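*Asks:* These protein sequence lines are chains A and W, in that order.
Quick note on the numbering used here: the first sequence kicks off at 1 and runs consecutively.
Quick note on the numbering used here: the second sequence kicks off at 1 and runs consecutively.
Hints are computed from structural coordinates only; laboratory data are not their basis.
The structure displayed is predicted, hence computed values, not measured ones.
Mixed in with the good hints there might be a few duds.
[Stated by the list, open to error] Here are the simulated DSSO-like cross-link-like pairs (lysine-lysine), alpha carbons at most 30 Å apart as the crow flies: (1) A:Lys38 <-> A:Lys52; (2) A:Lys100 <-> A:Lys89; (3) W:Lys173 <-> A:Lys23; (4) W:Lys89 <-> W:Lys166; (5) W:Lys89 <-> W:Lys182; (6) A:Lys38 <-> W:Lys89; (7) W:Lys25 <-> W:Lys95; (8) A:Lys23 <-> W:Lys97; (9) W:Lys199 <-> W:Lys182; (10) W:Lys199 <-> W:Lys173; (11) W:Lys97 <-> W:Lys166; (12) W:Lys166 <-> W:Lys199; (13) W:Lys97 <-> W:Lys173; (14) W:Lys192 <-> A:Lys31; (15) A:Lys31 <-> W:Lys97; (16) W:Lys95 <-> W:Lys166; (17) W:Lys97 <-> A:Lys38; (18) A:Lys52 <-> A:Lys67; (19) W:Lys192 <-> W:Lys173; (20) W:Lys95 <-> A:Lys38; (21) W:Lys97 <-> W:Lys199; (22) W:Lys192 <-> W:Lys89; (23) A:Lys134 <-> A:Lys146; (24) W:Lys192 <-> A:Lys23; (25) W:Lys166 <-> W:Lys182; (26) A:Lys23 <-> W:Lys89; (27) A:Lys23 <-> A:Lys38; (28) A:Lys31 <-> W:Lys89; (29) A:Lys23 <-> W:Lys199.
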Amino acid sequence: MSINATLIAQMLVFLILVWFTMKFIWPPIMKAMEERAKRIADGLEAADRARKELADANTRADDEVRKARAEAAVIIERANQQAGQIVDKARADALLEAAKQKAQAQADIENMAHRARAELRGQVATLAVQGAEKILGREVNAATHKALLDQLVEGI
Amino acid sequence: MAAEGPITSGAYILHHLTYLQLDLKTWKIVENSQGFWVLNIDSMFFSVLLGLLFVFLFWPVARRASNGVPRSWQNFVEVCTEFVDGQVKDAFHQKSKFVAPMALLVFFWVLFMNLMDLLPVDALPTAAGAMGIGHLRVLPPADPNITLSMSLTVFALCFWYSFYCKGFMTNAKEALLHPFGKWMMPINFVLKVVEELSKPLSLGLRLFGNMYAGEVIFILLAALTLRYSAPAQIAPVTGASFFIFAALAMLTVGLFAYGKGKWLRAWLPLGLMLVIAAGSIVGFLPAIGGQTYYQILFATGWGIFHWLIIALQAYIFMVLTVAYLSMAAEHH
Numbered sequence: 001m002s003i004n005a006t007l008i009a010q011m012l013v014f015l016i017l018v019w020f021t022m023k024f025i026w027p028p029i030m031k032a033m034e035e036r037a038k039r040i041a042d043g044l045e046a047a048d049r050a051r052k053e054l055a056d057a058n059t060r061a062d063d064e065v066r067k068a069r070a071e072a073a074v075i076i077e078r079a080n081q082q083a084g085q086i087v088d089k090a091r092a093d094a095l096l097e098a099a100k101q102k103a104q105a106q107a108d109i110e111n112m113a114h115r116a117r118a119e120l121r122g123q124v125a126t127l128a129v130q131g132a133e134k135i136l137g138r139e140v141n142a143a144t145h146k147a148l149l150d151q152l153v154e155g156i
Numbered sequence: 001m002a003a004e005g006p007i008t009s010g011a012y013i014l015h016h017l018t019y020l021q022l023d024l025k026t027w028k029i030v031e032n033s034q035g036f037w038v039l040n041i042d043s044m045f046f047s048v049l050l051g052l053l054f055v056f057l058f059w060p061v062a063r064r065a066s067n068g069v070p071r072s073w074q075n076f077v078e079v080c081t082e083f084v085d086g087q088v089k090d091a092f093h094q095k096s097k098f099v100a101p102m103a104l105l106v107f108f109w110v111l112f113m114n115l116m117d118l119l120p121v122d123a124l125p126t127a128a129g130a131m132g133i134g135h136l137r138v139l140p141p142a143d144p145n146i147t148l149s150m151s152l153t154v155f156a157l158c159f160w161y162s163f164y165c166k167g168f169m170t171n172a173k174e175a176l177l178h179p180f181g182k183w184m185m186p187i188n189f190v191l192k193v194v195e196e197l198s199k200p201l202s203l204g205l206r207l208f209g210n211m212y213a214g215e216v217i218f219i220l221l222a223a224l225t226l227r228y229s230a231p232a233q234i235a236p237v238t239g240a241s242f243f244i245f246a247a248l249a250m251l252t253v254g255l256f257a258y259g260k261g262k263w264l265r266a267w268l269p270l271g272l273m274l275v276i277a278a279g280s281i282v283g284f285l286p287a288i289g290g291q292t293y294y295q296i297l298f299a300t301g302w303g304i305f306h307w308l309i310i311a312l313q314a315y316i317f318m319v320l321t322v323a324y325l326s327m328a329a330e331h332h
């Protein structure tokens with residue numbers, strides 16, 4: 001075991017290598033690792049945030065749906081009421097119309113019956129005269145018997 | 001190396017413990033020179049080579065580091081960096097730009113240098129011998145120059161960092177007034193000097209001692225098998241063929257075991273036993289590479305234990321480096 005100049009040479013090599021490692025090897029590796037750690041942390045944080053936001057959005061959407069459903073129920077209720085009203089009104093209108101038409105028809109019928117009766121009455125007098133002529137075998141003067149005939153007609 | 005006639009264990013061991021040295025005064029390759037102005041070329045070569053290995057493993061990642069999805073190699077580098085960063089954060093509570101990178105470098109550099117111990121003791125020296133290089137020690141931490149220079153550098157950095165963080169007066173007070181108060185100043189100072197000197201010495205010698213001991217055991221295991229030695233010319237051939245045979249057998253067995261039905265997995269241990277048995281038979285025939293076989297067997301056994309020491313020593317060196325720097329920065 002002898003100490004010689006190798007000692008000094010190796011010291012120089014050692015110092016150069018320490019300097020090189022300190023300058024060119026360690027910092028970039030550590031930097032990359034730290035940056036990656038930060039990126040991963042950021043990513044995880046972002047994921048957490050996104051998850052929270054999603055939950056919020058879901059809650060909000062649920063609220064909206066619930067609200068919309070309630071509104072729809074109100075609208076349907078109102079529509080139902082309206083429909084009922086419309087149907088009632090239509091029914092009332094229809095009844096009214098029907099009553100009106102019925103009355104009209106009755107009036108018409110009355111009129112027509114009246115007219116027919118009047119007509120018949122007129123014809124009855126003539127027929128009665130003609131019948132009487134035939135029975136009597138001679139002419140009956142209508143004017144003479146007018147009073148009688150009128151009485152007859154009145155009697156029909 | 002082994003070509004020059006019969007070789008004794010002592011010579012073999014000595015051969016493996018001799019540095020390839022360069023005399024800086026005469027610029028000649030020398031052996032066993034005791035002067036100071038001598039450079040251990042082998043230690044320096046492998047230390048620089050493994051330092052560059054660290055740089056080329058980590059630098060590309062650092063240059064292209066992205067904060068996006070990391071690719072496979074970047075993943076590995078980041079795991080290592082994070083591990084070292086955690087260790088530093090545990091032990092070192094100040095803010096510093098150089099402590100953590102230094103810990104990273106120290107851990108991997110020392111680990112790579114220690115791992116050289118797992119190469120077969122004769123592999124690289126034999127290859128170097130083929131190129132005309134007489135001696136080669138491939139394990140830099142088994143050279144006290146290497147470990148002590150690193151620990152002394154750490155010590156110097158501690159010294160500087162202590163002044164940088166606490167200023168001259170605080171340091172002077174700490175050195176002179178502790179532990180016995182102002183009337184015992186000289187004794188306090190001597191104690192402080194001993195304390196400060198013991199740090200780099202223990203740091204460097206611990207690594208050196210562990211790795212040197214490990215290396216010596218590998219060399220001894222190799223020396224133990226010397227008497228089974230085949231003629232040096234054919235030893236590499238038989239060794240290589242044994243290696244290939246074993247690798248092929250394992251591969252075949254492995255493919256059968258994992259490629260088809262489950263019952264075939266029984267072939268894996270069976271194949272292993274067959275390989276060992278075949279190797280043992282080969283091992284009894286000294287002329288066909290017994291040395292290689294027994295050396296692989298022994299060295300594998302020790303190597304598995306030694307892995308622990310290799311990783312542990314690298315880790316301890318790193319942790320203590322950080323701890324000493326932390327102590328230098330903190331007020332006592």
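*Asks:* Each hint: holds or not?
*Replies:* Results for each hint:
1. A:Lys38 <-> A:Lys52: Roughly 21 Å between the alpha carbons, so the hint for lysine 38 of chain A and lysine 52 of chain A holds.
2. A:Lys100 <-> A:Lys89: With Cα atoms ~16 Å apart, lysine 100 of chain A and lysine 89 of chain A stay inside 30 Å; holds.
3. W:Lys173 <-> A:Lys23: Violated, at roughly 34 Å.
4. W:Lys89 <-> W:Lys166: Holds, at roughly 20 Å.
5. W:Lys89 <-> W:Lys182: Distance of about 35 Å is beyond 30 Å: violated.
6. A:Lys38 <-> W:Lys89: Satisfied, since the Cα-Cα distance of roughly 19 Å is no more than 30 Å.
7. W:Lys25 <-> W:Lys95: violated (44 Å)
8. A:Lys23 <-> W:Lys97: holds (9 Å)
9. W:Lys199 <-> W:Lys182: Measuring from Cα to Cα gives roughly 25 Å; hence the hint holds.
10. W:Lys199 <-> W:Lys173: holds (20 Å)
11. W:Lys97 <-> W:Lys166: holds (17 Å)
12. W:Lys166 <-> W:Lys199: holds (19 Å)
13. W:Lys97 <-> W:Lys173: holds (27 Å)
14. W:Lys192 <-> A:Lys31: violated (39 Å)
15. A:Lys31 <-> W:Lys97: It holds: about 13 Å lies between the C-alpha atoms, which stays within 30 Å.
16. W:Lys95 <-> W:Lys166: holds (14 Å)
17. W:Lys97 <-> A:Lys38: Distance of about 21 Å is within 30 Å: holds.
18. A:Lys52 <-> A:Lys67: holds (22 Å)
19. W:Lys192 <-> W:Lys173: holds (11 Å)
20. W:Lys95 <-> A:Lys38: holds (21 Å)
21. W:Lys97 <-> W:Lys199: The given pair, whose Cα atoms are some 23 Å apart, holds under the 30 Å limit.
22. W:Lys192 <-> W:Lys89: holds (27 Å)
23. A:Lys134 <-> A:Lys146: Holds, at about 17 Å.
24. W:Lys192 <-> A:Lys23: Violated, at about 34 Å.
25. W:Lys166 <-> W:Lys182: Holds, because 20 Å separates the two Cα atoms, which is no more than 30 Å.
26. A:Lys23 <-> W:Lys89: Given that 30 Å is the threshold and the Cα spacing comes to 19 Å, the pair holds.
27. A:Lys23 <-> A:Lys38: Holds: lysine 23 of chain A and lysine 38 of chain A sit about 23 Å apart, inside 30 Å.
28. A:Lys31 <-> W:Lys89: holds (16 Å)
29. A:Lys23 <-> W:Lys199: Holds - the C-alpha atoms of lysine 199 of chain W and lysine 23 of chain A are around 27 Å apart, at most 30 Å.
In this structure, the hints that do not hold are numbers 3, 5, 7, 14, 24, in rising order.
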